[in-house]
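The whole structure should be built from the sequences, with the hints applied where relevant.
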Amino acid sequence: MKHRIFGLKEHDTRVKSELLAGFITFITLVYIVVVNASILADAGIPFEAGIIATALTAFAGSLIMGLWANSPIVIAPGMGVNALFTYTIVHGMGLSWQEALAAVFVSGILFMLIAFTKLASVIQQAIPTSLKEAITAGIGLFIAFIGMQKGGLIIASKTTLVGIGHFGDIHVILTAITLIVTIILFVRKVPGNLLIGIVFGTVLSMLAGQLGDSTGASSISWADAVGAIGAMSFQGATSAVFWVATFSLVLVIVFENIGLIHGQLHMLNQPEKFKRSLRASSVSVIVSGFVGSSPAIPAVETTAGISAGGKTGLTSVTTGMLFLLSLFFIPVIKMIPDTAIAPILILVGGLMMESVTKIPFADFTEGFPAFLVIAAIPLTSSIVDGIAFGFIMYPILKAATGKWKQVGLPLYVIAALFLLNFVLHALG
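With this note's numbering applied, the sequence shown covers 24 to 451.
A hint or two may mislead.
[As the list claims (entries may be wrong)] Computed list of lysine-lysine pairs in DSBU-like fashion (alpha-carbon distance at most 30 Å, straight line):
1. K141 to K298
2. K212 to K381
3. K381 to K428
4. K212 to K39
5. K298 to K32
6. K298 to K39
7. K381 to K421
8. K155 to K421
9. K421 to K141
10. K155 to K428
[To be verified] Computed beta-carbon distance windows for the label pairs:
11. M344 to Q429: 42 to 48 Å
12. P354 to I193: 20 to 26 Å
13. K298 to G117: 33 to 39 Å
No lab work stands behind these hints: they were computed from the structure.
Glycine is no exception: its CB is placed at the ideal position from the N, C-alpha and C atoms.
As structure tokens, this is what we get:
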């Protein structure tokens, strides 16, 4: 049955490979359950409700993606956009968390209108290849940067913002050893190499006495856990602030989705799945607003599952089911240390950098905007802000060199919207 639903033979894959890839993605992404709940708690959403909302969003979104688009792309609340939800829309703009959830819900409807009409194709075709490839590479750097931070290889520095970690620190040593072992397993093409790397890193951390206490989230008040489901409030829908918040969310989710889905399907060489994947993701945003979470987007950690061999929707369905089950195993999940997850993120980030070979850097009007995207995504810790840098600079350089006709009207409009978004945030 699974063979027919997901077309495993046509995709040259097996059930075992898809299940393993789904498990790998889950392991690298499961941290989002606790992390997203913590950020939502800063907005006022009860921690228990945030856990439920995050898991349900990942469960529903990944099933929609897998069954509808037959894509291994996993959907989950996005890092970065959850910060926009809490610290900009709630704290900065003054909306209640219930009104902010309504803004998420409405932004999902608007995104859906784009995804299900010709607007999606117009936007997709308007983006030049150099910027598309730059988005993939920039996200790769961002993933690697997150991995190096988690593993202690990079630390904060008062003078240079970031600096190299302390290699006498046991945390860094465990990360480095696990990274080397994982890379060796990968280049030797050992079956299940990434999973073996995670297990190895966890066992190594356990032997070193570094797993720590995992009981922090074991006590959950299930009575309060459903408090955010259907809690949206449209009382502020007549205010300008509500629509500015909604507009900001639409910009972020549309371009993060286009960038992430393009990059992940590029890794799979399955561009024909773009339209249905984008539509599935748009529906997931509506779901996230209803169940009480910040917007869902394609998870950057999906690339770990793709690298592990995931090719069809069975991968994302597997991950989604594991997220549902995770509600009963949060203490166990928290035992997986950063030293085991960080090497996977670093390796996957490196694989995504292949995209830079397709960018024509010899043409400054193409290469420099692409460079800005690649550099700004990790340096701003924001995929959408990094994209904005390049998208604004691209038409400026083309116009400055008399090549303005090479830029279609949609890209000028997109650049203007990104610029307007910067202005609105500055004024807000």
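Legend entry - Given hint K421 paired with K155 - CA-CA distance at most 30 Å: Within the cut-off at roughly 17 Å; holds.
Inset, instruction - Can you let me know if the beta-carbon spacing of K298 and G117 is within 33 to 39 Å? - result: Given a distance of about 37 Å, which is inside 33 to 39 Å, the answer is holds.
Legend entry - Straight-line alpha-carbon gap K298 to K39, limit 30 Å: Roughly 27 Å between the alpha carbons, so the hint for K298 and K39 holds.
Inset, instruction - Using the beta carbons of M344 and Q429, state whether their distance is inside 42 to 48 Å or not. - result: Since the Cβ atoms of M344 and Q429 sit about 47 Å apart, the hinted range of 42 to 48 Å holds.
Inset, instruction - Below or equal to 30 Å on CA atoms is what counts here, so check K141 against K298. - result: 10 Å, holds
Inset, instruction - Would you check the hint for K298 and K32, treating anything up to 30 Å between C-alpha atoms as holding? - result: Between K298 and K32 the Cα gap is close to 22 Å, so the pair holds against 30 Å.
Inset, instruction - Below or equal to 30 Å on CA atoms is what counts here, so check K421 against K141. - result: Distance ~26 Å between K421 and K141 Cα, so the pair holds.
Inset, instruction - Take a quick look at whether K155 and K428 sit within 30 Å of each other, Cα to Cα. - result: 19 Å, holds
Inset, instruction - Quickly compare the C-alpha distance for K212 and K39 to 30 Å and report which way the hint goes. - result: This hinted pair holds, its Cα atoms lying about 16 Å apart.
Inset, instruction - Take the C-alpha atoms of K381 and K421, compute the straight-line distance between them, and say whether it is at most 30 Å. - result: 19 Å, holds
Legend entry - Restraint check for K381 with K428, where alpha carbons must lie at most 30 Å apart: Status holds; Cα separation ~23 Å.
Inset, instruction - Verify the proposed pairing of K212 with K381, using a straight-line Cα cut of 30 Å. - result: 26 Å, holds
Checked against the numbered hints above, the structure violates none of them.
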